[in-house]
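If you want the building blocks of each chain, they are given just below.
Number of protein chains: 2
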Amino acid sequence: MQAVVIQEGKLQIVERDAPVPGPDEVVVAVRAAGINAADLLQLQGIYPAPPGWPVDIPGLEMAGIVSAVGRDVHEALLGRRVCAVVGGGAQATHCLVPAEHLTFVPEQVGWSEAGGFAEAFTTAHDGLVTQAGLREGERVLVSGASGGVGTAAVQIANRLGAHITAVTRSDVHHEALRALGADETITLGEVAGIGHVDVVLELVGAAHLALAQKVLAPFARVVIIGVGGGSRMDLDLLNLMATRATLTGSTLRSRSRQEKAEVIARVNEELVPLWASDQLRVPLAQTFELADAAAAYEHFARPGKFGKIVLLVEQ
Amino acid sequence: MQAVVIQEGKLQIVERDAPVPGPDEVVVAVRAAGINAADLLQLQGIYPAPPGWPVDIPGLEMAGIVSAVGRDVHEALLGRRVCAVVGGGAQATHCLVPAEHLTFVPEQVGWSEAGGFAEAFTTAHDGLVTQAGLREGERVLVSGASGGVGTAAVQIANRLGAHITAVTRSDVHHEALRALGADETITLGEVAGIGHVDVVLELVGAAHLALAQKVLAPFARVVIIGVGGGSRMDLDLLNLMATRATLTGSTLRSRSRQEKAEVIARVNEELVPLWASDQLRVPLAQTFELADAAAAYEHFARPGKFGKIVLLVEQ
Chain W
1468 MQAVVIQEGK LQIVERDAPV PGPDEVVVAV RAAGINAADL LQLQGIYPAP PGWPVDIPGL
1528 EMAGIVSAVG RDVHEALLGR RVCAVVGGGA QATHCLVPAE HLTFVPEQVG WSEAGGFAEA
1588 FTTAHDGLVT QAGLREGERV LVSGASGGVG TAAVQIANRL GAHITAVTRS DVHHEALRAL
1648 GADETITLGE VAGIGHVDVV LELVGAAHLA LAQKVLAPFA RVVIIGVGGG SRMDLDLLNL
1708 MATRATLTGS TLRSRSRQEK AEVIARVNEE LVPLWASDQL RVPLAQTFEL ADAAAAYEHF
1768 ARPGKFGKIV LLVEQ
Chain E
1468 MQAVVIQEGK LQIVERDAPV PGPDEVVVAV RAAGINAADL LQLQGIYPAP PGWPVDIPGL
1528 EMAGIVSAVG RDVHEALLGR RVCAVVGGGA QATHCLVPAE HLTFVPEQVG WSEAGGFAEA
1588 FTTAHDGLVT QAGLREGERV LVSGASGGVG TAAVQIANRL GAHITAVTRS DVHHEALRAL
1648 GADETITLGE VAGIGHVDVV LELVGAAHLA LAQKVLAPFA RVVIIGVGGG SRMDLDLLNL
1708 MATRATLTGS TLRSRSRQEK AEVIARVNEE LVPLWASDQL RVPLAQTFEL ADAAAAYEHF
1768 ARPGKFGKIV LLVEQ
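If you read the sequences in order, they're chains W and E.
Residue 1528 in my numbering is what sits at position 61 of the first sequence, and the numbering runs on without skipping anything.
Residue 1486 in my numbering is what sits at position 19 of the second sequence, and the numbering runs on without skipping anything.
Isolated chain W (complex conformation) (with noise of 0.2 Å):
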């Protein structure tokens, strides 16, 4: 297989052996894998892949067609249109997938959107949905919200009936998120005027939580999920001691198979119903070619783009 390889510091287009699979593993034949922040650390050397996974080969999702199955796993799902997320070695012809963690992708939805799709909705879904426990008619207020995560959890908030404040940098990009579902679209220094919020769903760290932290309402919950924009935040104590408020950080990469089995499985039953019925979309910002990836990586690290950087896979 051909695959996107780490290699001191820079990206190379290797081949290497197509993987087998384990007992209850798949391998998918990728046809389409989303670029993510944790790549671009990986590439800097500063966030190895978790044990058990690729050590060089980036990509922490991918949709694609099952090619082959392990022993203990059914016939079926040979030929399905599947996509995931991924430890790491998604940038490949080939991917090794856990069966469970698998999503099948609906019919009318194109390669480049579904590649797009595992990462970003299952991060935005569980750190909205089963982190800050996002209710009906809570205000929330996105960072980041043009990216792959903040596009998503846009609409997740939306389909659940919150009142969505989005964050964003770049002043060509609240009609776009207005269309997602945004009530309301801000840059960073209008955080300050918007009221209280009941929950934060951080993407971009220290530079926008330093000033969310001030919107806390009392009970607010705030997930940490992107640090692009700084991680270390001055902290006011007195403040989360008034608001009762709570912080926690999350990354789906770190956790066991089993819990991010658990995390897929609410995904599969609570959001593609949403994608199979077009009320879910992946926005692409751009894609590329596999051997492109170079390229690809440097677009994703300029800001101004709105959505996910697909790699587009020829089999």
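These are computed hints drawn from the structure, not numbers from a lab.
Wrong hints could be hidden among the right ones.
For identical chains, the list gives no copy identity; a pair is met inside one copy or between any two copies.
[Claimed, not checked] The list that follows gives simulated cross-link-like pairs (lysine to any residue, SDA-like), each with its CA atoms no further than 20 Å apart:
hint: 1; residue 1: Lys-1681; residue 2: Tyr-1514
hint: 2; residue 1: Lys-1681; residue 2: Val-1472
hint: 3; residue 1: Lys-1681; residue 2: Leu-1478
hint: 4; residue 1: Lys-1681; residue 2: Asp-1701
hint: 5; residue 1: Lys-1681; residue 2: Glu-1567
hint: 6; residue 1: Lys-1681; residue 2: Ser-1637
hint: 7; residue 1: Lys-1681; residue 2: Glu-1574
hint: 8; residue 1: Lys-1681; residue 2: Ile-1513
hint: 9; residue 1: Lys-1772; residue 2: Ala-1674
hint: 10; residue 1: Lys-1681; residue 2: Ser-1698
hint: 11; residue 1: Lys-1477; residue 2: Arg-1602
hint: 12; residue 1: Lys-1477; residue 2: Ser-1579
hint: 13; residue 1: Lys-1681; residue 2: Ser-1721
hint: 14; residue 1: Lys-1477; residue 2: Pro-1515
hint: 15; residue 1: Lys-1772; residue 2: Asp-1638
hint: 16; residue 1: Lys-1772; residue 2: Arg-1711
hint: 17; residue 1: Lys-1681; residue 2: Arg-1699
hint: 18; residue 1: Lys-1772; residue 2: Val-1639
hint: 19; residue 1: Lys-1681; residue 2: Gly-1697
hint: 20; residue 1: Lys-1477; residue 2: Glu-1657
hint: 21; residue 1: Lys-1477; residue 2: Asp-1759
Starting from the structure of chain W, add chain E where the hints point.
Frame of chain W; chain E shown alone:
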């Protein structure tokens, strides 16, 4: 009645009309009233009493004898020995308490100890058990362990079967903390070396928590209750994400009457039986007469004491 009153930033002893109980309230003839950090903040003008409580009479806890009951309160309460957490007004000869906020003081417990029980043990129990969900066999770090809440927390955590690391500023309190149930006693500078903890009960604030954040176990729970050692901290968001730890802050004082009743019901159910069988005690640093409240506050503000400072009230 006589009351400690805050006048222009100073404590005075003043004659006031005795309170009259509302339909579901009682009046307690106070025999002892503990001093808490919140009293000092109120004296400094930065922590006003919550709505519905005396605005200028400090005191969050007391013990005494029920001397009057409201229309809807059973007369059998008259003459009973009780203690309670209140929103304010405890440092006086008479104090109003919602009837459902009372705790019955065990027969063998003296007034000075009873006057220092309610706030410390209720705060510690709510923080460790209700907020942090501390379980048998877990490791807990208690900062400010020599104070009222700290000495209560060490005892409660020990009775729960947790492993306790107690942090104290003073070199002379280690043995006393171990006698209460601490497995390990350290000073602030030694926090980095203790290994991972599942729960942090933060009674000091930024000065301690900046160090403690580096020893959090996966899924650690941090409950912030005191910030005398600084209320602004440099929080490491990446560490919070990697450990999937949770930070929350809490005060008893700001809670609704119903919320307080629920907290106190748990104390009555889970702690009072231990108190009645001499398995919990209130370490007393020093007692003062009500008339010497100013001197007692000064003593409270100084470091190095062990346990509670309690005002004794003549009737």
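Right, here's what the structure says about each hint:
For the identical chains of this complex, Lys-1681 and Tyr-1514 are inter-copy neighbours only, at 18 Å across copies versus 31 Å inside a copy, given an alpha-carbon limit of 20 Å. Taking the closest pair of Cα atoms, Lys-1681 and Val-1472 never come within 20 Å of each other, the shortest separation being 43 Å inside a single copy and 33 Å across copies. In this assembly of identical chains, Lys-1681 and Leu-1478 lie within 20 Å of each other by CA distance neither inside one copy nor across copies; the values are 41 Å within and 33 Å between. For a Cα distance limit of 20 Å, the shortest separation of Lys-1681 from Asp-1701 qualifies both inside one copy, at 12 Å, and across copies, at 16 Å.
Proximity of Lys-1681 and Glu-1567 under a CA criterion of 20 Å is satisfied in neither setting, with 41 Å inside one chain copy and 35 Å between copies. In this homomeric assembly, Lys-1681 and Ser-1637 never come within 20 Å of each other (Cα to Cα): the closest approach is 23 Å inside a single copy and 35 Å across copies. With identical chains, the CA atoms of Lys-1681 and Glu-1574 are never at most 20 Å apart, being 45 Å at best within one copy and 48 Å at best between copies. For the homomeric pair Lys-1681 and Ile-1513, the shortest alpha-carbon distance between copies (18 Å) is at most 20 Å, but the shortest distance inside one copy (31 Å) is not.
Taking the closest pair of Cα atoms, Lys-1772 and Ala-1674 come within 20 Å of each other only inside a single copy of the chain (19 Å); across copies the shortest separation is 40 Å, beyond that limit. In this homomeric assembly, Lys-1681 and Ser-1698 come within 20 Å of each other (Cα to Cα) both inside a single copy, at 18 Å, and across copies, at 14 Å. In the homo-oligomer, the alpha carbons of Lys-1477 and Arg-1602 never lie at most 20 Å apart, since the shortest distance is 43 Å inside one protomer and 47 Å across protomers. Taking identical chains as interchangeable, the C-alpha atoms of Lys-1477 and Ser-1579 are never at most 20 Å apart, the minima being 24 Å within one chain and 70 Å between chains.
Taking CA atoms no more than 20 Å apart as the test, Lys-1681 paired with Ser-1721 passes between copies only; the shortest distance there is 18 Å, against 30 Å inside one copy. Taking identical chains as interchangeable, the C-alpha atoms of Lys-1477 and Pro-1515 lie at most 20 Å apart only when both belong to the same chain, with a minimum of 15 Å there against 59 Å between chains. Proximity of Lys-1772 and Asp-1638 under a CA criterion of 20 Å is satisfied intra-copy only: 11 Å inside one chain copy versus 57 Å between copies. Neither within a single protomer nor between protomers do Lys-1772 and Arg-1711 lie at most 20 Å apart by alpha-carbon distance, with minima of 36 Å and 29 Å respectively.
Proximity of Lys-1681 and Arg-1699 under a CA criterion of 20 Å is satisfied in both settings, with 17 Å inside one chain copy and 13 Å between copies. Only within a single protomer do Lys-1772 and Val-1639 lie at most 20 Å apart by alpha-carbon distance; the minimum there is 10 Å, versus 60 Å between protomers. When the C-alpha separation of Lys-1681 and Gly-1697 is checked against a cutoff of 20 Å, the pair qualifies both within a copy, at 18 Å, and between copies, at 18 Å. Taking the shortest Cα distances, Lys-1477 and Glu-1657 never come within 20 Å of each other, neither inside one copy (38 Å) nor across copies (41 Å).
Within a single copy, Lys-1477 and Asp-1759 get their C-alpha atoms as close as 13 Å, which meets the 20 Å cut-off; across copies the closest is 73 Å, which misses it.
In summary, the numbered hints that this structure violates are 2, 3, 5, 6, 7, 11, 12, 16 and 20.
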